[in-house]
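K.L.:
Chain by chain, the residues run as shown.
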Amino acid sequence: MNMKDEKWWLLKSELLFEEELKKRLRSVDPGKIDVSETFFTKIHQEVMAKIDLLPPSENKKIQNKKSANEKQIKI
Amino acid sequence: MAGMAKASKTSTITEMISDKKLVELTKHGDKAAFSELVLRHQQPLLRLSLRFVKDLDLAKDITQESFIKAYERISSFEERASFKSWLFQIAINTAKNKLRGKKQDHKDVDEIQIGVAAVAEQGLVQNAVSHLLQKLVEELPEKQKTALKLRIYEDLSFKEIAEIMKCPYDTAKANYRHALLKLKETVQKESELNEKTTQNWVGVRINVMQLEEVDL
Chain A
1 MNMKDEKWWL LKSELLFEEE LKKRLRSVDP GKIDVSETFF TKIHQEVMAK IDLLPPSENK
61 KIQNKKSANE KQIKI
Chain B
1 MAGMAKASKT STITEMISDK KLVELTKHGD KAAFSELVLR HQQPLLRLSL RFVKDLDLAK
61 DITQESFIKA YERISSFEER ASFKSWLFQI AINTAKNKLR GKKQDHKDVD EIQIGVAAVA
121 EQGLVQNAVS HLLQKLVEEL PEKQKTALKL RIYEDLSFKE IAEIMKCPYD TAKANYRHAL
181 LKLKETVQKE SELNEKTTQN WVGVRINVMQ LEEVDL
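Residue numbers (the working numbering), protein chains in the order written: chain A, 1 to 75; chain B, 1 to 216.
Bear in mind the hints are in silico, worked out from the structure with no lab data behind them.
It should be emphasised that the depicted structure is a prediction, and the values quoted were computed from it without experimental measurement.
Just so you know, not all the hints are guaranteed correct.
In silico lysine to any residue, SDA-like type, Cα no more than 25 Å apart, as pairs [claimed, not checked]:
no.: 1; chain 1: A; residue 1: Lys50; chain 2: B; residue 2: Tyr169
no.: 2; chain 1: B; residue 1: Lys20; chain 2: B; residue 2: Tyr169
no.: 3; chain 1: B; residue 1: Lys145; chain 2: A; residue 2: Asp29
no.: 4; chain 1: B; residue 1: Lys184; chain 2: A; residue 2: Glu18
no.: 5; chain 1: B; residue 1: Lys69; chain 2: A; residue 2: Arg26
no.: 6; chain 1: B; residue 1: Lys31; chain 2: A; residue 2: Glu37
no.: 7; chain 1: B; residue 1: Lys135; chain 2: B; residue 2: Thr94
no.: 8; chain 1: A; residue 1: Lys12; chain 2: B; residue 2: Leu181
no.: 9; chain 1: B; residue 1: Lys143; chain 2: A; residue 2: Arg26
Covered stretches of chain B (chain A as the covering partner; in silico rule of three or more C-beta atoms under 8 Å from a C-beta of chain A) [stated by the list, open to error]:
no.: 10; stretch: 24-36
no.: 11; stretch: 77-88
no.: 12; stretch: 132-144
Pulled a few chain A residues facing chain B out of the computed Cβ check, cut under 8 Å [as the list claims (entries may be wrong)]:
no.: 13; residue: Phe17
no.: 14; residue: Leu21
no.: 15; residue: Lys22
no.: 16; residue: Arg26
no.: 17; residue: Val28
no.: 18; residue: Gly31
no.: 19; residue: Asp34
no.: 20; residue: Glu37
no.: 21; residue: Phe40
no.: 22; residue: Val47
no.: 23; residue: Lys50
no.: 24; residue: Ile51
Built from N, CA and C at the ideal position, the CB exists for glycine as well.
Based on the sequences and whatever the hints tell you, model everything.
P.N.:
This is the structure we're talking about:
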């Protein structure tokens, strides 16, 4: 086997290893679980509720920073 | 019926708005726009968090915290990366912080070894091998592990991985490749060790045999 063949073979074996690894790791993927729609609805509601509870200054800050950035760009 | 049709139309219109536009609207104080971003990204974010912490309650906390942090920092988001990449970056950092100090559970391999010795069913053994590989991934250096998880589970491009990891494209690629090579080497070493010892670890032996089939 010449150098070129060897390199190609190595690459091929790496790709095959990668494929095998993907297949095996995905078969035990901890992120692949059945979660109900209700669970996500709850996440969404809680996030939005917490955002509403942020001090008004926090929300104001978001808008102020944006305006400041815009002003700076204009200058 | 007309109401339903209207609601459906509104929902379709919202879905058509890009993340970029929704971010812009959020920056102007539009909470409804951020609400849509949460709806859009909560599932992938929860799954990503689960891959890092392997605990549903903790993953839920990370998901929620990440969205709140994203909202609080939205004005500083310069949009060099996509919103999704930026959000993933926040979630990974939040997960790392949560895990810091909290000792990770390492019981799985011992349990698997006992389990494997007791069962002969191919399916169960294969599953044990997959769990072993998963454990080997957890033992990788931090950056390599992150790059590998983002590539293997999320199917992200190296450009996206680089954005999330805040590193150059080549570094992201190198981290992934090093992780891959390290895993390959470990699997090979395990196979050699098992050839020499009389104590068979069925899982590893089968793993090696199968990997040999793919010309390792």
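K.L.:
Run through the hints listed earlier and report the numbers of any the structure violates, in increasing order.
P.N.:
1, 5, 11, 19, 20
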